[in-house]
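Sequences and hints are given; from them, build the entire structure.
Number of protein chains: 2
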Amino acid sequence: MNLLSLFCVFLCLTPALAIWPRPQNLTTGSTPLRLSSTFSIKFSGINQVPSDLSDAATRTTNFLKTDKLQVLTPDRGASSSSAVHSARTLSSLTLKLNSGATVKSVSSEATQGLGTQDESYSLQVPANGGSAVLSANTALGLFRGLTTFGQLWYDLDGTTYTLQAPIQVMDAPAYPYRGFMLDTSRNYFPVTDIKRTLDAMSWVKINHLHWHVVDSQSFPLVVPGFEEISQKGAYSSSQVYTPANVNDIVSYAAARGIDVMVEIDTPGHTTIISQSHPEHIACPEATPWAQFANEPPAGQLRLASPATTTFTANLIKAASSMFPSKLFSTGGDELNENCYTKDPQTQQDLASQGKTLEQALDTFTQATHSVLLDAGKTPVVWEEMALEHQVQLNNETIVLVWISSDHVAAVAQKGFRLIHAASDFFYLDCGAGDWVGANINGNSWCDPFKTWQKAYSFNPIANLTDDQAKLVLGGQQLLWTEQSGPSNLDPIVWPRAAASAELFWSGPGGDVRAALPRLHDVAYRFVQRGVKAIALQPQWCALRPGACDVDA
Amino acid sequence: MNLLSLFCVFLCLTPALAIWPRPQNLTTGSTPLRLSSTFSIKFSGINQVPSDLSDAATRTTNFLKTDKLQVLTPDRGASSSSAVHSARTLSSLTLKLNSGATVKSVSSEATQGLGTQDESYSLQVPANGGSAVLSANTALGLFRGLTTFGQLWYDLDGTTYTLQAPIQVMDAPAYPYRGFMLDTSRNYFPVTDIKRTLDAMSWVKINHLHWHVVDSQSFPLVVPGFEEISQKGAYSSSQVYTPANVNDIVSYAAARGIDVMVEIDTPGHTTIISQSHPEHIACPEATPWAQFANEPPAGQLRLASPATTTFTANLIKAASSMFPSKLFSTGGDELNENCYTKDPQTQQDLASQGKTLEQALDTFTQATHSVLLDAGKTPVVWEEMALEHQVQLNNETIVLVWISSDHVAAVAQKGFRLIHAASDFFYLDCGAGDWVGANINGNSWCDPFKTWQKAYSFNPIANLTDDQAKLVLGGQQLLWTEQSGPSNLDPIVWPRAAASAELFWSGPGGDVRAALPRLHDVAYRFVQRGVKAIALQPQWCALRPGACDVDA
Chain U
1 MNLLSLFCVF LCLTPALAIW PRPQNLTTGS TPLRLSSTFS IKFSGINQVP
51 SDLSDAATRT TNFLKTDKLQ VLTPDRGASS SSAVHSARTL SSLTLKLNSG
101 ATVKSVSSEA TQGLGTQDES YSLQVPANGG SAVLSANTAL GLFRGLTTFG
151 QLWYDLDGTT YTLQAPIQVM DAPAYPYRGF MLDTSRNYFP VTDIKRTLDA
201 MSWVKINHLH WHVVDSQSFP LVVPGFEEIS QKGAYSSSQV YTPANVNDIV
251 SYAAARGIDV MVEIDTPGHT TIISQSHPEH IACPEATPWA QFANEPPAGQ
301 LRLASPATTT FTANLIKAAS SMFPSKLFST GGDELNENCY TKDPQTQQDL
351 ASQGKTLEQA LDTFTQATHS VLLDAGKTPV VWEEMALEHQ VQLNNETIVL
401 VWISSDHVAA VAQKGFRLIH AASDFFYLDC GAGDWVGANI NGNSWCDPFK
451 TWQKAYSFNP IANLTDDQAK LVLGGQQLLW TEQSGPSNLD PIVWPRAAAS
501 AELFWSGPGG DVRAALPRLH DVAYRFVQRG VKAIALQPQW CALRPGACDV
551 DA
Chain E
1 MNLLSLFCVF LCLTPALAIW PRPQNLTTGS TPLRLSSTFS IKFSGINQVP
51 SDLSDAATRT TNFLKTDKLQ VLTPDRGASS SSAVHSARTL SSLTLKLNSG
101 ATVKSVSSEA TQGLGTQDES YSLQVPANGG SAVLSANTAL GLFRGLTTFG
151 QLWYDLDGTT YTLQAPIQVM DAPAYPYRGF MLDTSRNYFP VTDIKRTLDA
201 MSWVKINHLH WHVVDSQSFP LVVPGFEEIS QKGAYSSSQV YTPANVNDIV
251 SYAAARGIDV MVEIDTPGHT TIISQSHPEH IACPEATPWA QFANEPPAGQ
301 LRLASPATTT FTANLIKAAS SMFPSKLFST GGDELNENCY TKDPQTQQDL
351 ASQGKTLEQA LDTFTQATHS VLLDAGKTPV VWEEMALEHQ VQLNNETIVL
401 VWISSDHVAA VAQKGFRLIH AASDFFYLDC GAGDWVGANI NGNSWCDPFK
451 TWQKAYSFNP IANLTDDQAK LVLGGQQLLW TEQSGPSNLD PIVWPRAAAS
501 AELFWSGPGG DVRAALPRLH DVAYRFVQRG VKAIALQPQW CALRPGACDV
551 DA
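Chain order of the listed sequences is U and E. The UniProt record's numbering puts the first residue of the first sequence at 1, with every later residue one more than the last. The UniProt record's numbering puts the first residue of the second sequence at 1, with every later residue one more than the last.
Honestly, the hints are just simulated from the structure, not real lab data. Quick caveat, the model's predicted, so the values are computed rather than measured. Be aware that a few hints might be false.
It does not matter which identical chain is used: a pair holds within one copy or between any two.
Calculated cross-link-like contacts (lysine-lysine; reagent style DSS-like; alpha-carbon spacing at most 30 Å) [claimed, not checked]:
no.	residue 1	residue 2
1	Lys68	Lys232
2	Lys195	Lys342
3	Lys470	Lys195
4	Lys68	Lys317
5	Lys42	Lys104
6	Lys68	Lys195
7	Lys414	Lys317
8	Lys470	Lys68
Written out as structure tokens, the structure is:
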């Protein structure tokens, strides 16, 4: 590394290289370089290139032609015109496996299990033209590197260029879990919306879709053997996810390096199952709802009923077999005690078994988790299951912290691995006012709006010992959809959800001041690719990095 | 009116008739009625039907075929199937002018001047089939009635029906000004976005687009004789509104009963003019910006300079001649004194004329307003011009109250007519966090988010005497676009902006509990028509009026 490129690591990176998330190690020069009009991506020494990897290379090549992302300066690059047009050309990018020989597909690596994956890669783009080289130990690593390669370039009058060759990247994620959660129960999202979201996620190296597929309001998942639940519980016969849809989504995700962790939230958040199975639901649609649930409608699985427990375990077994992921969430949030107190059958079940409600919850949870463990899967739960209830969770259980980031230490203290998903940093739905009716002055329960800066500045290991810090698997932003649907999916999520993508790929400590210009690039690039990311600032500010900072 | 229909005025209206805004007088029955497959809209006794009115009839007919809006109940109308399919059919709607004879076009009436318009109409839909009748005194009234007629119907398996015939409507607006403000300077919106917004506005009888077309960040308006301003001050040569674009927008709006009130904000909010005319701008892009402006970049017209005053008056004259509206806003908000204190030329100009800054502002304002008054136009200003400065405003000047609804009474006390646009009720951009950079914990300056309920519950005559109440022309919701652009235009505006549409058409006192089901209909109908209105609640709630109310 020469002195100039060292200088550029600190000062040139931000405005001029639209890479997101920030690589662990990046060096750049100051030589203009453009892509040849016959630029191509090649594979070297790989027996049987997996089709999902070659497809990814094709998509990258296409984006290099279609992105047309102008540099975000007032002149949009015009002053670099002669440098760009006289620059040497890069004719190709060559993908190599460090190990050579055969390689698993991106898809199989994406779903093979948290912490077993190698996403590292290295990328060399020479200043003198010729060919760039991307190498990795795995197809998944090559896939991540392709994503980075696709972010090195701007467009000027049809020429795809960088002013910062040579470029060297050595990269690997700080955390194995980088997620995004989507709720498809409160409002339904067509498969095309989910696939577009998966594309966007992959562009910022998010590797998990936490699919909160069902809830109290609707049950769109068509589970083999349990079709009656969605027949009666989906909003309509067209607002469902069939097994074929799930296959489609899961395959699409895996080919983009994304594992789909589905959640069947239990025993709360299950009201709509009463439409097909009234025998399994306590306090269905009970009123006033506020006494029976955190939001309407009330209704929970009769956790003390042996029949309901068996039904639920079988449902979870059937649902989990639809997904290749090793992760499966059984939920477990916001259990309402009053619902069970007022449910004669639950009281009778408890009495006949001589159990407390907490003991029944333990039995219920053991039953639903054991079908997952038997299938070689890892149960994932919301924090209450670890912190508020008397449930014996398997040591391998992963805990999603959602109520408050202040609860992270308590979960770690219990020795559980955890995923950051705290409402005070990561909830994308906060700040849109209260959505319950007849409440003129109601505000969002988790006001204020959680900005990208807020998520970006989160410290994943705050208040943790070094040993506890090892329990942090990563984190995610989340979209609960009481006030969202296909109409605002893109703008409410993007580019905000890129904040946690960088936090958990690049590691904490990123500077919002330096990040903003790159995040503008993310937003403008997403729009070019058909994802309706919002403007974070007036375009005047986007074109002038730093000029709209609070202290500028 | 029989007893049943009287009953229905109070209890049947809300869930079953998707009319928005609420008519002044509506009676409904309980007889099913469906549209004939050959349903048509006819004109009776009108010499030379204006083409914009016949176009509106064609659009209405098309929407009746394409809306496919299912009733928002869990069964989506299935239980009414036999009633619907055995219902009598309505073969036509006949439009009549009360006066007969010739009629002006919708467009000419829309732009002829505030308070001179007659938007009243009456509509009779018989229960026994045959033909419905819409009558009005003007083409504009017929246009409003057509909009209402288009909202009476649901779809069931391809049949367009109502269960509530006969329907009688007598309607007229409570206020002459029902607006929506769009800022196209902070971020640019293509003409197609503006036209789609005009369509949506017309569907809820909003009759003014307050077009905040330019500001400090960009100057997209191509003004004849002043082309250099947009050449240097638009974000790019494609992010402009040419005179042809303006004609297109103004004509499109007028044909939909909408007058376009353009704003050239002066003397503040004009930084970008320094790109083409540095001689006219004080403190251009001065830093730290917070000392010179409320948001970056700083820069204001040199109001004490005779040359700048002449330049501005000529610019306003040229810009105003692009728009047929009788209303023109010269802005006048957020003038920063320090900018002028630190500007040597302004200080010199003031000294040579022996004027205070306020006296210079008065001279400047007289000059810019007199070109409007000479052209038969009414100047419109932000509240500071009436409340904070020593400016002699013409009595006809209209004041936009924006800082706080608490300032309404002070404006009225000065005898000015006013338009409600207060940030504490009507700002659509609030609640999205702070947008200035490097500010991790910054919140929106006007937190929290302004819900539709908040706007809907506003009292336009609070703290006003009866005489002062007559000064209230109406009101509007506003979208400032520091954090918005084409990606989120629809979802951040709709259906929220329908709240003020009903408030100022139907008059205050509407009940949010009764309004919500109709507003769901608005949102679902907008989506059917290609406007991406958001979900206000989970679909479960939308299908069950009242079930998700805070006290349900």
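Here's how the hints hold up against the structure:
1. Lys68 x Lys232: between (47 Å within a copy, 23 Å between copies)
2. Lys195 x Lys342: neither (42 Å within a copy, 55 Å between copies)
3. Lys470 x Lys195: neither (32 Å within a copy, 54 Å between copies)
4. Lys68 x Lys317: So Lys68 and Lys317 fail the 30 Å test inside a copy (47 Å) and across (39 Å) alike.
5. Lys42 x Lys104: within (18 Å within a copy, 68 Å between copies)
6. Lys68 x Lys195: Classified as both: same-chain Cα gap 22 Å, cross-chain 26 Å, threshold 30 Å.
7. Lys414 x Lys317: Only inside one copy: Lys414 and Lys317 sit 27 Å apart there, 73 Å across copies, limit 30 Å.
8. Lys470 x Lys68: The answer is neither: 41 Å in one copy and 54 Å across copies each exceed 30 Å.
Comparing the model with each numbered hint stated earlier shows that hints 2, 3, 4, 8 do not hold.
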